[in-house]
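J.: Here are the chains, one letter per residue:
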Amino acid sequence: MISIFSIIFYVLAFMSVYVQVFLLLTFIENRKKIVVRKGDIQLKKYPAVTVIVPCWNEEKTIYKTVRSLLDLNYPKDKLKIFLVDDGSTDSTWHAINKFAKYSNVNVFHKKNGGKHSALNLGLEKLETDFVGCLDADSFADKNALVRIMSYFEKDPTAMAVAPSVMVENPKSIIQKAQKAEYYLSVYVKKMLAFLGAIHVTPGPLTIFKRQVFDNLGPYRSAHNTEDMEIAYRMQSNHYKIEQCNDAYVYTNTPSTVSKLYKQRLRWIYGFINNTIDYRKVLFKRKYGNFSLFTVPAGILSVVAVSYLFFKVVYSLGKFLAHKFVEYRVVGVDFTPSVGSFDPFFINSQAGIFVSIMLYSLVIFSIVLGHKMAKEKWSFPVNIVYFFVIYSVIAPFWLMRALLNTVITKKPSWR
Amino acid sequence: MNNNLDWKKYFLVFLITVGLFLTAIYLSNYFGEKKLSQLKTIQDQIAIDILSSETQFSLLSELSCKNVSGASLSNELDELGGKLDWGEKNLGATEEVSYLKKYYSLLQIKDYLLMKKISERCGHKYAFVLYFYTTLENCSECEKQSLVLSKLRSTYPELRVYSFDFSTDLSAVKAMLDIYKIEDTKLPALVIEDEVLTGFNSVEELDIKIKETFKLESKIENIPEKVEE
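Residue numbers (numbering that gives the first Met the number 0), protein chains in the order written: chain P, 0 to 413; chain C, 0 to 228.
Next comes chain C alone, as it looks inside the complex (with noise of 0.2 Å):
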């Protein structure tokens, strides 16, 4: 017979367990903080380089416009915002995440003006297109949007597209929401050329458009043709 339970041994495999589970908790704490804290770093850079190419083009005015070019700034709020996105799903929607996202916002909007200007004072030939969506609820048209963005994205490498999530929290956002007069019922949404197209719109659409609002030129021969529904 054997049936002498030791409750303290019970007792005390649940604490070591609490304490394993309190271990990753903190390990998991401690790597997403440290993200974070990348996260920040990358921002502030950007900032700077913003301020930095905003100063530049103050002071060197028209005259030197050859020494002006944000085109590595592109690739690098791409991929800050690449990171937001997966931090937002991974590192639960902390405070700090809403937080880096409004400043992603910002910097957005600010590199989106000063390209505006470079590109009409020197010629550059950039396109713009301004990206609205949601993330409050489950939108897919938005999800297909997006990706139609990233094919059009690779297609022509001038193009440069400034996402915004509809429920950012930050009046520069709703001040470009008043001013295109953007509704959550119709996302996702895009403004190019200060036209508003509302609902999802295929690569062909968006290709049709883009080429002729900007004269780009595809850097690779034919878009492929989308799939037959």
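Next up, chain P with everything else stripped away, as it sits in the complex (with noise of 0.2 Å):
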């Protein structure tokens, strides 16, 4: 008799197969959509931008984001940076300061308020028609911008466009892990962005029109995660987000598993607490695929990572308490088990072959967010980081934002 816990695994696993299989349909229809260009591109008009960088004791990288942005392959006069310096408590204001004899640089300094306020200082200062922000843990490629302003002449009705966000140097095996992970956001954004279903907008680098702000109102906090929270006003608002795969930002990453832990928790607690402040945009008809895929999409990871989370350790439990009654009963046999590998115990029920099909999947959709970005097939070996160290420790975030969120604790920045 099948059981309650694989019919709960079917069910997930019949799900989570069918948005990889939606997300490649969708790669299948637009496919020639999909260009990497190379070297400069000109625009007709170039619009005036604005790059707020919010700075919260980012000394040590700080130069580098700014200087990026100075190099950028867009007219100076066109370009406005502002820096802001959100009361940090290292050497930040001094090294932002170093900058402010650019005559399109200004910088500011206010009391710590978080990110959005800074950002949102930054918007009431605004000039231009168009707006974005820089983290200050991020580097723009010199294309980049004009990139992504290509996607705003092309298509007037686009409100948002978001770059392929790439990891900076990755140097320790869990930022090799997250590369590959980060190409797989490269492929899953591009595919919603055709959906018109993107969900965030990331904080390097994204511009919007200066209207969204101006009728959605500023930033707020939301839960740490301003930048997912936009997303969701603006796709409740029917406004477009585009997603532009060859307008690179380079960002670092943590480089430690609890670096990691902390900046994961925050994001599966903004995503799960922007999608309880926004519930009433699920399954509605009228906010499309955003409230159809994206958003369940989403709930369902939280819920198959929990399931799959609670499974390994009952097995595992159960496997020690095997283990725990053999050596009571006849001690512990140090003698080698010399049996000859048998392929008859290989397991061959349909889960098996279920999982082998959403791992191909996944793995496939890395690859070709790696070609998205590089316009290169290959298999970048990070996916075997990526695999290993996600399946071992995504859970724990994961059951920790859920714990927050019932227990209302908001995760910290770092």
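Rather than coming from a laboratory, the hints here were simulated on the basis of the structure.
One or more of the hints may lead you astray.
[What the hints assert, rightly or not] A partial selection of chain C residues facing chain P, derived with a Cβ cut-off under 10 Å:
(1) Tyr9
(2) Thr22
(3) Tyr29
(4) Trp85
(5) Leu105
[Unchecked claim] Stretch-level coverage of chain P by chain C, calculated; a stretch enters the list once three of its residues show a Cβ under 8 Å from a Cβ in chain C:
(6) 10-22
(7) 314-328
Beta carbons: idealized from backbone N, C-alpha and C, even for Gly.
Both chains come to you apart, so use the hints to assemble them.
T.: The structure is reproduced here in structure tokens:
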């Protein structure tokens, strides 16, 4: 007889495969529209853009971040840079003041109030029709902005354009794992863009039309995920968000498990709580694929990983209990068991084949993401790190985010 | 604004996903069938071997005991038993598995009777243990008893353990249950030289019993001490 656990497994697996097939079909439909441009491009008109850099204790990376903005392949008189020190306790203020000499750079200092408040200070001073943010731990490729702006030129209905976020100089295994994950993200974001269903406009250099904030209001704290909340708000007001796959922004990623855990706890907590805040848009036809695909797929991933976590813990517990009984009954047997491998004992249940399909679809998605960003086919070996590391630690930040939601404990930034 | 929903696409993806699941189920059934037919082949081979040994024994009678040996069959039966157990848990308790299990029980009984005869007539030193367990309910004592028997089997090469599931719907197994008056409330149960032991018996208890009854010698010097509870 099929147990209730198996039924839950197959239902979750079915939905997970559905999500992957949906994305793959979207890719097949739109593959010709995905281009990776080489070298410089020209725009008919260069609209003025302001990039706000909120900084909180970023003395180590801020120089490189601002330098990458100053080196952008975009007319200097059309690019304004706002450096906002959000009450740093290190020498960030001193560091950003060195850039005050540039005519297109403005520096601001304020009391610490969180990233959203630093961005809102920039929005208050805004004079241009386009505005974006660049996190102070990220660096823009010199062609990133012009490529993003080309999307606005091509499609006047686009209200925001997100770039491809890549991992800057990955050194540790944790960062290499994230590199593969970020390729996956490039693919997923691009597909969601085709579906008009992007749910996050990342801090590293998403550019918005000014109307977004004029009409919908400034950034909100939003459980420390203001870049997700603004995307939810835009989607619930039918504002179009695009993704420019060949605009690269490199970001410093957490180098250790504990730093990654903190970052992801914040992201997942943000996802859960923003979804709760915007529950009115869920499963409503008028909100399109965002409401019927993106957010349900996110919820599914939270539920599926939680289920897998409990299943693995249960199986491990059962295995250890069996070993304990064996130890008590017959003691420890140190004689090595010399049994030849018999393929008979390879599990051939349907769940195994479903899992193989699911993993293959995810691996293919990462390869496609790599192709979309780098314009070359290859198998990034970091996929191995990604699967190993994430399958072990992802359930922990997920469970903690759920627990924090229940006990209403907001995770910190760092 | 981009909220045009493509319902056809949602439906098409659903059909593709169903197709992928059906493929997974087909593959699972295909390999499951292959495993079952592999089990059947092993069983048929063992059946032929037993029949052959029986015939050989009848033909040669007591004159040529040295030519009769069933030692290798014991390992084959054990291997088959292991695979059937695994199949029951992983291939699902299908009708085919329960049929194969009945067949297996019958082969064990035949092997037991033949080996007993060979042992008596030819003086081969074999120790026979009949072991009754249940899979119908969660029998943790049965699980422990199986571990003890595996341990003893590795200690005494001459020990032959024949395991029978109490719930096997086979007249030959039922006859054995009647003969030894095995009740489902007193499982696990062991039969050693017509003596019935019910409930869990530890390694030490059974080791003494086997040594006394069959005058066997351990191939390893000391059986590890049981862990103090």
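J.: Each hint: holds or not?
T.: Hint by hint, here is what the structure shows:
1. Tyr9: Nearest chain P Cβ about 8 Å off; hint holds.
2. Thr22: holds, 7 Å
3. Tyr29: Status holds, d = 8 Å.
4. Trp85: holds, 6 Å
5. Leu105: Cβ of Leu105(C) sits 22 Å from chain P, so the hint is violated.
6. 10-22: As far as the region 10-22 of chain P goes, the hint holds, because 5 residues have Cβ atoms under 8 Å from chain C.
7. 314-328: With 6 residues in contact (Cβ-Cβ under 8 Å with chain C), the coverage given for the region 314-328 of chain P holds.
Hint check: a violation occurs at hint 5 only; the rest are consistent with the structure.
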